[in-house]
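A.B. asks: Sequence:
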Amino acid sequence: MMKTTPDAPKIEFPCENYSLKIVGRKTADYPTWVVQCVQQLAPDLDPQKVQIVDSKNGTFQSIRLAVTAQSADHLQQIHQTLMASGKVKLVL
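In terms of the working numbering, the sequence shown opens at residue 478 and continues consecutively.
Just so you know, not all the hints are guaranteed correct.
Below, computed lysine-lysine pairings styled on BS3-like, alpha-carbon distance capped at 25 Å [what the hints assert, rightly or not]: (1) K526 x K503; (2) K566 x K503; (3) K564 x K498; (4) K487 x K498; (5) K564 x K533; (6) K533 x K503; (7) K564 x K487; (8) K498 x K566; (9) K526 x K564; (10) K533 x K487; (11) K498 x K533; (12) K526 x K498; (13) K526 x K566.
Source of the hints: derived by calculation from the structure; they are not laboratory data.
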């Protein structure tokens with residue numbers, strides 16, 4: 478008897494309030510740079526709702542924000558753009 482595994486949950490697009498956590502080395506301009514970079518790809522980003530959290534030792538910062546994800550390709554584009562910068566260590 479074959480065991481079937483359930484499919485991973487599917488995201489329905491457009492997906493409002495899709496949460497992103499973007500981690501990078503803490504610099505004076507890092508939060509502003511992240512917001513501007515994401516806004517170019519997701520203009521609906523509300524800068525008022527951006528959360529900035531320093532790591533325990535203050536070396537890194539995570540920028541938490543929400544966008545309306547238009548498609549899986551759209552999310553991939555945001556991820557690739559951020560990672561290609563060299564400033565971002567992780568996108569969740």
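A.B. asks: Does each hint fit the structure? Answer for all of them.
C.D. replies: Evaluated hints:
| no. | hint | verdict |
| --- | --- | --- |
| 1 | K526 x K503 | 19 Å, holds |
| 2 | K566 x K503 | 11 Å, holds |
| 3 | K564 x K498 | 14 Å, holds |
| 4 | K487 x K498 | 20 Å, holds |
| 5 | K564 x K533 | 19 Å, holds |
| 6 | K533 x K503 | 12 Å, holds |
| 7 | K564 x K487 | 30 Å, violated |
| 8 | K498 x K566 | 11 Å, holds |
| 9 | K526 x K564 | 22 Å, holds |
| 10 | K533 x K487 | 34 Å, violated |
| 11 | K498 x K533 | 16 Å, holds |
| 12 | K526 x K498 | 13 Å, holds |
| 13 | K526 x K566 | 22 Å, holds |
In this structure, the hints that do not hold are numbers 7, 10, in rising order.
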